[in-house]
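Participant: Using the numbering used here, the first residue of the sequence shown is number 622, and each one after it goes up by one.
Warning: the hint list may mix true and false statements.
What follows is a list of derived Cβ distance ranges for each label pair [said to hold, decoys possible]:
| no. | residue 1 | residue 2 | range |
| --- | --- | --- | --- |
| 1 | Arg730 | Asp696 | 36 to 44 Å |
| 2 | Asp696 | Glu627 | 33 to 41 Å |
| 3 | Glu627 | Ile711 | 39 to 47 Å |
| 4 | Lys635 | Ala697 | 21 to 29 Å |
| 5 | Arg685 | Glu627 | 36 to 44 Å |
| 6 | Ala629 | Ser712 | 38 to 46 Å |
| 7 | Arg639 | Gly687 | 12 to 20 Å |
| 8 | Glu634 | Gln658 | 52 to 60 Å |
| 9 | Ala726 | Gly687 | 48 to 56 Å |
| 10 | Asp721 | Ser662 | 35 to 43 Å |
| 11 | Arg728 | Arg639 | 32 to 40 Å |
| 12 | Arg645 | Ala720 | 25 to 33 Å |
| 13 | Tyr633 | Arg709 | 47 to 55 Å |
| 14 | Arg639 | Asn718 | 22 to 30 Å |
Just so you know, the hints here were simulated from the structure itself, not pulled from any lab data.
Remember, predicted model here, so these are calculated numbers, not experimental data.
The C-beta atom is built at its ideal place from N, Cα and C for all residues, glycine as well.
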Amino acid sequence: MPAKDELARRRYEKLVDRLECLMRASLKPRYRGYHGQLILSSGDLEEMGELKDVRRAAREAGRRLGWQPKTHFVDARLFVYDDREVPREISELAARNAADAIDAALRGRE
Numbered sequence: 622m623p624a625k626d627e628l629a630r631r632r633y634e635k636l637v638d639r640l641e642c643l644m645r646a647s648l649k650p651r652y653r654g655y656h657g658q659l660i661l662s663s664g665d666l667e668e669m670g671e672l673k674d675v676r677r678a679a680r681e682a683g684r685r686l687g688w689q690p691k692t693h694f695v696d697a698r699l700f701v702y703d704d705r706e707v708p709r710e711i712s713e714l715a716a717r718n719a720a721d722a723i724d725a726a727l728r729g730r731e
């Protein structure tokens, strides 16, 4: 039985490492580690294992990044996001970037 436990621990650690890498890649440097999020599709989840294990691993990966991680499962997708209080200057920057993106999209439709 101990060999099975060791194998399960290794798989879990590998999953945490993989999720941490995906989360880190989703971060925008200008937001200094805030506004982190990751969305895993049903296909991603099937490949990674049981939902409860993926959620637990995602929360651990988020904590490694300094996040206050939250997970929600909606429409066969797992949403993982950082629920920390965002500093005002980062929040304002993100709002400006979102407004600029919407403005550019609307101008492109004209």
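Participant: Work down the list of hints and note, for each, if the structure agrees.
Facilitator: So, going through the hints one by one against the coordinates:
1. Arg730 - Asp696: 36 to 44 Å: At roughly 27 Å between Cβ atoms, Asp696 and Arg730 fall outside 36 to 44 Å, so the hint is violated.
2. Asp696 - Glu627: 33 to 41 Å: holds, 36 Å
3. Glu627 - Ile711: 39 to 47 Å: At roughly 41 Å between Cβ atoms, Ile711 and Glu627 fall inside 39 to 47 Å, so the hint holds.
4. Lys635 - Ala697: 21 to 29 Å: Between Lys635 and Ala697, where Cβ atoms are some 23 Å apart, the hint holds.
5. Arg685 - Glu627: 36 to 44 Å: violated, 21 Å
6. Ala629 - Ser712: 38 to 46 Å: holds, 40 Å
7. Arg639 - Gly687: 12 to 20 Å: Distance hint for Arg639, Gly687 holds at roughly 18 Å.
8. Glu634 - Gln658: 52 to 60 Å: Since Glu634 and Gln658 have Cβ atoms about 23 Å apart, the given range 52 to 60 Å is violated.
9. Ala726 - Gly687: 48 to 56 Å: violated, 32 Å
10. Asp721 - Ser662: 35 to 43 Å: Given about 28 Å between the Cβ atoms, the range is violated.
11. Arg728 - Arg639: 32 to 40 Å: holds, 39 Å
12. Arg645 - Ala720: 25 to 33 Å: holds, 26 Å
13. Tyr633 - Arg709: 47 to 55 Å: violated, 37 Å
14. Arg639 - Asn718: 22 to 30 Å: Taking Cβ atoms as reference, Arg639 and Asn718 lie about 28 Å apart, which means the hint holds.
Of the numbered hints stated above, those contradicted by the structure are hints 1, 5, 8, 9, 10 and 13, listed in ascending order.
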